[in-house]
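Given next are the chains, with one letter for each unit.
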Amino acid sequence: MEKLMGTVMLMLDGSQITLQIFFITLVMALPLGLLAALGRLSKLRPLSFFVEVYIWLMRGTPLMLQLLFVYFALPMVGIMLPDIVAALLAFTLNYAAYFAEIFRAGIQSIERGQYEAAKTLGMTYVQTMRRIIIPQMVRRVLPPISNETINLVKDTSLIYILAMNDLLRVARTIVQREFDMTPFVVAGVFYLAMTFVLTWIFKKLEAHYAKYDE
Amino acid sequence: MQNTMNENNVMIRMHQIYKKFGALEVLKGIDVEVNRGEVLAIIGPSGSGKSTLLRCLNRLESIDGGSIEVEGDFLAVENSAGIATYAEASLSKEILGKMGMVFQQFNLFPHMTVLENLIEAPVHVKQIASDEIIPVAEELLRKVGLYEKRDAYPARLSGGQQQRVAIARALAMKPDIMLFDEPTSALDPELTGDVLKTMRQLAEEHMTMIVVTHEMAFAREAAHHVIFMADGNIVEQGIPEDIFGAPKEERTKAFLQNML
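Read top to bottom, the protein sequences are chains X and F.
Using the working numbering, read the first sequence as starting at 1 and increasing by one per residue.
Using the working numbering, read the second sequence as starting at 1 and increasing by one per residue.
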């Protein structure tokens, strides 16, 4: 029992880096994804094209490769980033691309009449997006955003290869040292707990937005 | 700028309006004048261009040729090559701000309550303080008979109620001109009555209105002037008594016969 507690304490430490990567990525990737979605929908062709290429690159290559690139390849051209910053950069750019496509689909699903009503009331593009389109879009994209967010929890385990002591790496270290599989089970419980909390939060959000019907 | 209009009571003048969607010419040189306080009804079969004409007036569609004048200011003028060019942004915004629009599909904002729908544009476009505009909005809701629905979301209302909220929302911006694009076409027949009543009431208050409609009874009783359109042209126009009582053109006769 004492041994198990020791394992759990060590892994709580490891879960801190996991949680850091998760929260900071989420906080940066959501707004960046929204900007990318708006850029992708822009009538400025160069902007829209640039965002399209960015999304293609991020979705078309493995996140693992992107992590390795930022971590090992950038220093070769003289760009040295602290470990955590390198990891956050790769995660944010990758997740923003996925969020962007979800937001774009959400924005495009809003009826044309909403834009026309806003226009005839004198609202500007920014007012229309901020007050009319995006609030309705958020409600519609909650389920896919919830999906991606849960994926992010699990994808944080990829930083394992960057020799950062995240939850999974701590577990493996203990397993190798003590020939005991319990840490893997504990790690599984940690991930499940995180996704449980997230699922609960998204349920609450969906309930909040359900106050109006469409 | 008022001096460009000889008759003081002409409020809107659309001159030789041309509009194409791709290769399809939907407006083929339309002239329309609307006097202050007048109700103009535009009738005609589907695809005649009547909704497009209305949407060109408030720039939901852009015209290809012709000019549009509202209370002496030009929203669009025609250059020597016959191409329409629009007024610069601030003048355009001022002119468009004089017009309120009611859509066939209501287009209320579903994530806002009835009252929030009404005050949204006054607060954020006109920068009116909300405690100043709320009493105005409540008065408008009383007028359309929906005060008790002020905190309801649009989806909880019937189509007819939603359309009356949409009318109140447009009125909250204090427009000089109200445009109605088939306001009762999406409603069940038994729900059109209250919407038409609200529109009649507006007409009695001398609101300048342009109404694209399939409601012949409304056009006949509430309009001062009726335009019959077909295939992008004005086929016939005049006072309701003449258009409905003694139409001259075969096209008009056939259309009216079908509508009865």
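Simulated from the structure, these hints should not be mistaken for laboratory data.
Everything numeric in this text was worked out from a predicted model, so none of it was measured.
Each residue gets a CB set at the ideal place from its N, CA and C atoms; glycine is no exception.
One or more hints might be untrue.
Across the chosen pairs, the derived CB separations fall in these ranges [claimed, not checked]: (1) F/LYS93 / X/ILE150: 50 to 60 angstroms; (2) X/ASN147 / F/ARG220: 54 to 64 angstroms; (3) F/ALA155 / X/LEU12: 41 to 51 angstroms; (4) F/LYS197 / X/GLN108: 15 to 25 angstroms; (5) X/THR195 / F/SER158: 51 to 61 angstroms; (6) X/ARG112 / F/ARG220: 28 to 38 angstroms.
Each hint, compared with the structure:
1. F/LYS93 / X/ILE150: 50 to 60 angstroms: With a Cβ separation near 45 angstroms, F/LYS93 and X/ILE150 fall outside 50 to 60 angstroms, so the hint is violated.
2. X/ASN147 / F/ARG220: 54 to 64 angstroms: Since X/ASN147 and F/ARG220 have Cβ atoms about 57 angstroms apart, the given range 54 to 64 angstroms holds.
3. F/ALA155 / X/LEU12: 41 to 51 angstroms: holds, 46 angstroms
4. F/LYS197 / X/GLN108: 15 to 25 angstroms: For X/GLN108 against F/LYS197, whose Cβ atoms are near 38 angstroms apart, the range 15 to 25 angstroms is violated.
5. X/THR195 / F/SER158: 51 to 61 angstroms: Violated: the Cβ-Cβ distance is about 42 angstroms, outside 51 to 61 angstroms.
6. X/ARG112 / F/ARG220: 28 to 38 angstroms: For X/ARG112 and F/ARG220 the Cβ distance comes to about 32 angstroms; the hint holds.
The structure is inconsistent with the numbered hints 1, 4 and 5, although it conforms to all the rest.
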